[in-house]
Amino acid sequence: SQTIHQWPATLVQPVGSPLSLECTVEGTSNPNLYWYRQAAGRGLQLLFYSVGIGQISSEVPQNLSASRPQDRQFILSSKKLLLSDSGFYLCAWSPGTAYNSPLHFGNGTRLTVT
Amino acid sequence: AQSVTQLGSHVSVSEGALVLLRCNYSSSVPPYLFWYVQYPNQGLQLLLKYTTGATLVKGINGFEAEFKKSETSFHLTKPSAHMSDAAEYFCAVILNQAGTALIFGKGTTLSVSS
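Residue numbers (this note's numbering), protein chains in the order written: chain A, 27 to 140; chain B, 61 to 174.
In case anyone wonders, no lab produced these hints; they're calculated from the structure. Take the hints with a grain of salt, since some may be wrong.
[Stated by the list, open to error] The calculated lysine-lysine pairs, modelled on BS3-like cross-linking and capped at a C-alpha distance of 30 Å, are:
#1 B:Lys-118 x B:Lys-166
#2 A:Lys-106 x B:Lys-166
#3 B:Lys-166 x A:Lys-105
#4 B:Lys-129 x B:Lys-166
#5 B:Lys-128 x B:Lys-166
#6 B:Lys-129 x B:Lys-118
[Claimed, not checked] Coverage of chain A stretches by chain B, computed from C-beta distances (three or more under 8 Å per stretch; other residues unrestricted):
#7 52-63
#8 66-76
#9 120-126
Quick caveat: nothing in here was measured; it's all calculated off a predicted structure. Idealized CB from N, CA, C, for every residue including glycine.
Bound conformation, chain B alone:
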């Protein structure tokens, strides 16, 4: 069965510091992995995705993630945090071979202090 584990339900960083949000996955099919962001009282929007090819994926707002098959990980990073990055972040994996849906992790809330 497909599953995603996000380590740390809450991460706090200072403005300008490195952001690292951790995601590990389990997948019985070739893993297609995603990061979504949710701002308060809103739906989610796509940050980036890994399907095939380059294992370092760049997304919007300066975020990037690296797919590491040997570690079954897909951690999200940003070199320098901004106040506007404060939100909840979700890692997700494809549900099945048909790609009909995504399975999300429990989310990590990122707080950024000045």
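Extracted from the complex, chain A is given alone in its bound form:
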């Protein structure tokens, strides 16, 4: 069966420090991968998605970047965190398009920037 791993579960970082959140999927190949952010009052915001290795689409201009160095690995990064980067970050995968494949979410990383 397929599983998604996301870590760390919680993270407290000072303003200006770098960030690296990692997400890996097991038990499938060539998944679509997603990063969403959930912040108070703003709902669930799509940040990045990837349909293949090295293919990254950004939906919101921001202080973050994403990379997909391997088929089942998706990394969210920042060179210098801002206070506004605080939130709950969710990685998700789907086996195909959203038309016929549900998104499967990880358990999230709660990031607090101080």
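Please arrange chain B on chain A, whose structure you already have, making use of the hints.
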């Protein structure tokens, strides 16, 4: 641009009462619509989806939703609330014609009292 509006950030019902969570959408492509549920400190899971065909869609845990094109709505209902239904609910619409991602609403928190 695709968007989803969930009316009411917080809905409270008594156990056994009708649950109604409202969702209106805007879509420049044929709308494919979804409801996801999130339990505390977890990722989201799919409740139900509308793609084509029957406009009344049944999902897990006794939930259903009706797609009404004339009203651009996709409201979620359940005839009788259970305590275990307390969670956050998200409506979502397909991002683009390729179906590569979902755009979520801001979510509605459902509270159920005994």
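message = Hint check: Lys-129 (chain B) vs Lys-118 (chain B), CA-CA at most 30 Å. Holds or violated?
response = OK: Lys-129 (chain B) and Lys-118 (chain B) at ~17 Å, within 30 Å.
message = Check the hint pairing Lys-129 (chain B) with Lys-166 (chain B) against an upper bound of 30 Å on the C-alpha distance.
response = 21 Å, holds
key: 8 Å C-beta criterion, at least three residues: is the segment 120-126 of chain A covered by chain B   = holds (count 4)
request  = Measure nothing beyond the straight line between the CA atoms of Lys-128 (chain B) and Lys-166 (chain B); if it is 30 Å or shorter, mark the hint as holding.
outcome  = Given that 30 Å is the threshold and the Cα spacing comes to 20 Å, the pair holds.
key: 30 Å Cα cutoff - pair Lys-106 (chain A), Lys-166 (chain B)   = 27 Å, holds
request  = Check, residue by residue, whether the segment 66-76 of chain A contains three or more positions whose beta-carbon lies closer than 8 Å to a beta-carbon of chain B, and give the verdict.
outcome  = Satisfied; 7 residues make the cut.
8 Å C-beta criterion, at least three residues: is the segment 52-63 of chain A covered by chain B = holds (count 3)
ask   = Between Lys-118 (chain B) and Lys-166 (chain B), does the CA-CA distance stay at or below 30 Å?
value = 22 Å, holds
key: Holds or violated: Lys-166 (chain B) to Lys-105 (chain A), with C-alpha atoms at most 30 Å apart   = Distance ~28 Å between Lys-166 (chain B) and Lys-105 (chain A) Cα, so the pair holds.
In terms of the numbered hints stated before, the structure departs from none.
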